[in-house]
Amino acid sequence: MAKPIIQMENIEKHFGNIIALAGVSFDVVPGECHCLLGDNGAGKSTFIKTMSGVHKPTKGTITLDGKPMHFDSPRDAMEAGIATVFQDLAMIPLMSVTRNFFMGREPTKGRGPFKRMDIKTANDICVESMRAMGINLRGPDQAVGTLSGGERQTVAIARAVHFGAKVLILDEPTSALGVRQTSNVLATIDRVRKQGVGVVFITHNVRHSMAVGDRFTVLNRGKTLGTAERGRITAEELQDMMAGGQELASLEGSLGGTV
Amino acid sequence: MADTAQIIVDERIKKESFGSRLMQRPELGAIAGVVLVTIFFLFTADSAMFTLSGIMNFMTPAAQLGILAIGAAMLMIGGEFDLSIGSMVAFAGLIFGACVVTFGLPLIIAIPITFVFAALVGALNGAIVLRTGLPSFIVTLAFLFILRGVSLVGLKLATDGSTQLRGVRDAVEGDFLTPLFSGDAFGGLFAWLAEIGLVETFNNGAPKVPGIPVEILWFIALALAATYILLRTPYGNWIFASGGDRNAASNSGVPVRRVKISLFMLTACCAALVAIITVMDAGSTDARRGFMKEFEAIIAAVIGGCLLTGGYGSAIGAFFGAIIFGMVVIGLSYTNFDQDWFQVFLGGMLLIAVLFNNYIRKRVTGER
Ligand SMILES: Nc1ncnc2c1ncn2[C@@H]1O[C@H](COP(=O)(O)OP(=O)(O)OP(=O)(O)O)[C@@H](O)[C@H]1O
Ligand SMILES: [Mg+2]
Numbered sequence: 001m002a003k004p005i006i007q008m009e010n011i012e013k014h015f016g017n018i019i020a021l022a023g024v025s026f027d028v029v030p031g032e033c034h035c036l037l038g039d040n041g042a043g044k045s046t047f048i049k050t051m052s053g054v055h056k057p058t059k060g061t062i063t064l065d066g067k068p069m070h071f072d073s074p075r076d077a078m079e080a081g082i083a084t085v086f087q088d089l090a091m092i093p094l095m096s097v098t099r100n101f102f103m104g105r106e107p108t109k110g111r112g113p114f115k116r117m118d119i120k121t122a123n124d125i126c127v128e129s130m131r132a133m134g135i136n137l138r139g140p141d142q143a144v145g146t147l148s149g150g151e152r153q154t155v156a157i158a159r160a161v162h163f164g165a166k167v168l169i170l171d172e173p174t175s176a177l178g179v180r181q182t183s184n185v186l187a188t189i190d191r192v193r194k195q196g197v198g199v200v201f202i203t204h205n206v207r208h209s210m211a212v213g214d215r216f217t218v219l220n221r222g223k224t225l226g227t228a229e230r231g232r233i234t235a236e237e238l239q240d241m242m243a244g245g246q247e248l249a250s251l252e253g254s255l256g257g258t259v
Numbered sequence: 001m002a003d004t005a006q007i008i009v010d011e012r013i014k015k016e017s018f019g020s021r022l023m024q025r026p027e028l029g030a031i032a033g034v035v036l037v038t039i040f041f042l043f044t045a046d047s048a049m050f051t052l053s054g055i056m057n058f059m060t061p062a063a064q065l066g067i068l069a070i071g072a073a074m075l076m077i078g079g080e081f082d083l084s085i086g087s088m089v090a091f092a093g094l095i096f097g098a099c100v101v102t103f104g105l106p107l108i109i110a111i112p113i114t115f116v117f118a119a120l121v122g123a124l125n126g127a128i129v130l131r132t133g134l135p136s137f138i139v140t141l142a143f144l145f146i147l148r149g150v151s152l153v154g155l156k157l158a159t160d161g162s163t164q165l166r167g168v169r170d171a172v173e174g175d176f177l178t179p180l181f182s183g184d185a186f187g188g189l190f191a192w193l194a195e196i197g198l199v200e201t202f203n204n205g206a207p208k209v210p211g212i213p214v215e216i217l218w219f220i221a222l223a224l225a226a227t228y229i230l231l232r233t234p235y236g237n238w239i240f241a242s243g244g245d246r247n248a249a250s251n252s253g254v255p256v257r258r259v260k261i262s263l264f265m266l267t268a269c270c271a272a273l274v275a276i277i278t279v280m281d282a283g284s285t286d287a288r289r290g291f292m293k294e295f296e297a298i299i300a301a302v303i304g305g306c307l308l309t310g311g312y313g314s315a316i317g318a319f320f321g322a323i324i325f326g327m328v329v330i331g332l333s334y335t336n337f338d339q340d341w342f343q344v345f346l347g348g349m350l351l352i353a354v355l356f357n358n359y360i361r362k363r364v365t366g367e368r
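From first to last, the protein sequence lines stand for chains A and B.
Okay, so the first sequence: first residue is 1 according to the numbering used here, each after it adds one.
Okay, so the second sequence: first residue is 1 according to the numbering used here, each after it adds one.
A hint or two may mislead.
[Claimed, not checked] Reference excerpt, derived from the structure (chain A facing chain B, CB under 7 Å, subset only):
{"#": "1", "residue": "Lys56"}
{"#": "2", "residue": "Ala90"}
{"#": "3", "residue": "Ile92"}
{"#": "4", "residue": "Leu94"}
{"#": "5", "residue": "Gly104"}
{"#": "6", "residue": "Val179"}
[As the list claims (entries may be wrong)] To be clear about the criterion: a stretch of chain A counts as covered by chain B if any three or more of its residues have a C-beta under 8 Å from a C-beta of chain B, and this derived list gives those stretches:
{"#": "7", "region": "28-39"}
{"#": "8", "region": "197-211"}
[Unchecked claim] Chain A is nowhere near these chain B residues, computed Cβ spacing over 12 Å in every case:
{"#": "9", "residue": "Val34"}
{"#": "10", "residue": "Asp46"}
{"#": "11", "residue": "Ile108"}
{"#": "12", "residue": "Asp160"}
{"#": "13", "residue": "Asp184"}
{"#": "14", "residue": "Leu231"}
{"#": "15", "residue": "Tyr235"}
{"#": "16", "residue": "Gly243"}
{"#": "17", "residue": "Gly347"}
The set of hints was computed from the structure by calculation and includes no laboratory data.
Fair warning: this is a prediction, and the values are worked out from it, not measured in the lab.
Even glycine gets a Cβ: it sits at the ideal position worked out from N, Cα and C.
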């Protein structure tokens, strides 16, 4: 297998006396979609936040392209080519779609004191990226607060896809999306993967993860339950692992096998 | 890819009128306010108020407040308050006065020293707010008292017990930088305008308006620069983002700490500029300088459309907010009303502005 772009070893993260991550190892190779699965509160979001520079790990090492890496801020991670769709989307409702899209990485023109935002280019890229995801914006200067939940999620995804040069991290990106937009996101994951980007895809939907995943890692209570490659694990097995195995089985009877 | 910018016609959009687009601009309220106040004084005030000299009369205090208000507005958009700017005017005035009078330094050294001190206090304010996570409201309230007290004590030290430091005018007389910070600009132009009869003259032939007071030029230049920065530069985008949602901004790669600290420094430097201008103008500095100005500046910023919660507002709005202030303070003296109506007016204006801003915010975010 190709050398990993980013390798996380024995990552621990403590919040005061809460141990959110108790030694998680994980890596992403170019051109793969690595699914991260697990129950609510398993530590998935916390884990990808250490990968994208939001949290500093309490213990453990991060290696980027073979070199040890310390991200002091999300900006550092971004500059290293890691783009993330956070579960809370990191959007600002009062600002326009374009300003949100390019927040922190605005395209500029001119030099010296005349260096200014290239608003036209920014609007064009923004509208085009959104259209590629299947959403026609009413206008790039519309405030994000007026978008629907799914539209907002799509802006976050389009933004990360645009900036994710090496690693694209998606934390439950399809939770609010319609059928067409969801299949668009899955197709986009497939597309960027073919371009050599490593994708980390967090989802609670086993069908979605089976559709695009190359490897599957299941987290449970801050620990990895192991990593499986595509073809070595069935949807049912994944489902059971994600739920911790037990309760789902007893539910299944009463729900008539719909889970 | 030629027509990427073109937006596909969407049957779910009603045509938006020019008026309703205008309604979404934060400075709209302040502009409407200027119009209303103008109409009010056109009816009630002596006609002298709207002559050239009358306009200079109310624009001068407007400019002095406005320089503070523009700084306060940018900081508010960035999501923080600075209640210490009024005291900062006194503190910077003391530093400046001591530099030129006590130490006899030329302006080219005294002015940078004043700005450096102000910026350092601003940075300290910002660092405490960011490090502790306390509301800036409370941290800068502490500095409101600290700086006022330090100014008093410092003045007594510098003057052997008095709270006023005199002799600034003599000290800066003839300095090549003096015309930049005091007096009137374009004197020649106004003399010429008077000659050809466009500006009224006194009996001896001197123009009634000898030029444009420099603070007005600073005020206009600052409003334009701030607007350009806010709307057209990446840094401006970062200011809106930092104030809109600190976490989201930081997670999206905005260097929030740097932005906020620089804004605290900028606001403090605005206060220092006002201090330099007014101290040179008065020829002395005292401990009451800038008293209550922090509230007036914040009110002007709010009238100008800044939300108290941050992330929204405009420098041009603060510009007009300050002009409303100047018009009312000075304008009342052209009317038969009691001057003290000013305070009532102020409170009323603030209340209306806050209600109006709240309404605008709901429109912009589509909140229901
Ligand atoms: N900033 C924090 N302070 C304290 N505890 C935290 C913090 N962030 C996360 N946790 C805790 O860490 C655990 C893991 O949270 P995390 O958000 O990573 O879960 P998750 O796997 O993403 O869950 P979900 O599927 O619901 O999104 C939770 O128990 C949570 O309460
Ligand atoms: Mg999560």
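So, going through the hints one by one against the coordinates:
For Lys56 (chain A), the suggested interface contact is broken, since its CB lies about 14 Å from the closest CB of chain B, more than 7 Å. Hint status for Ala90 (chain A): holds, given a least beta-carbon distance of 4 Å to chain B, under 7 Å. With a cut of 7 Å, the hint placing Ile92 (chain A) at the interface with chain B holds, because the nearest CB-to-CB distance is about 4 Å. For Leu94 (chain A), the interface hint holds, the least distance from its beta-carbon to any beta-carbon of chain B being 5 Å, beneath 7 Å.
Residue-level restraint check for Gly104 (chain A) holds (minimum Cβ-Cβ distance to chain B is 3 Å; threshold 7 Å). Hint on Val179 (chain A) is violated. Least Cβ distance to chain B is approximately 19 Å, over the 7 Å limit. With 0 residues carrying a beta carbon less than 8 Å from a beta carbon of chain B, the region 28-39 of chain A misses the three-residue requirement, and the given coverage is violated. Check result for the region 197-211 of chain A against chain B: violated, 0 residues qualifying (beta carbon to beta carbon below 8 Å, three or more required).
Remark: the non-interface label on Val34 (chain B) is consistent with the geometry, its nearest Cβ contact in chain A lying 25 Å away (cut-off 12 Å). The beta carbon of Asp46 (chain B) sits about 43 Å from the closest Cβ of chain A, which is more than 12 Å, so the claim that it is off the interface holds. Distance to chain A confirms Ile108 (chain B) as a non-interface residue, since its nearest Cβ pair spans about 22 Å, more than 12 Å. With a least CB separation of 46 Å from chain A, Asp160 (chain B) remains clear of the 12 Å interface cut-off, as annotated.
At the 12 Å boundary, the C-beta of Asp184 (chain B) stays outside the reach of chain A, the nearest C-beta of that chain being 28 Å off. Distance to chain A contradicts Leu231 (chain B) as a non-interface residue, since its nearest Cβ pair spans about 8 Å, not more than 12 Å. Look at Tyr235 (chain B): its CB is around 9 Å from the nearest CB on chain A, not clear of 12 Å, so calling it non-interface is violated. Distance check on Gly243 (chain B): its Cβ comes as close as 9 Å (rounded) to a Cβ of chain A, failing to clear the 12 Å threshold; non-interface status is violated.
Every CB of chain A is more than 12 Å from the CB of Gly347 (chain B) (nearest about 27 Å), matching its label as outside the interface.
When each numbered hint is compared with the structure, violations occur for hints 1, 6, 7, 8, 14, 15, 16.
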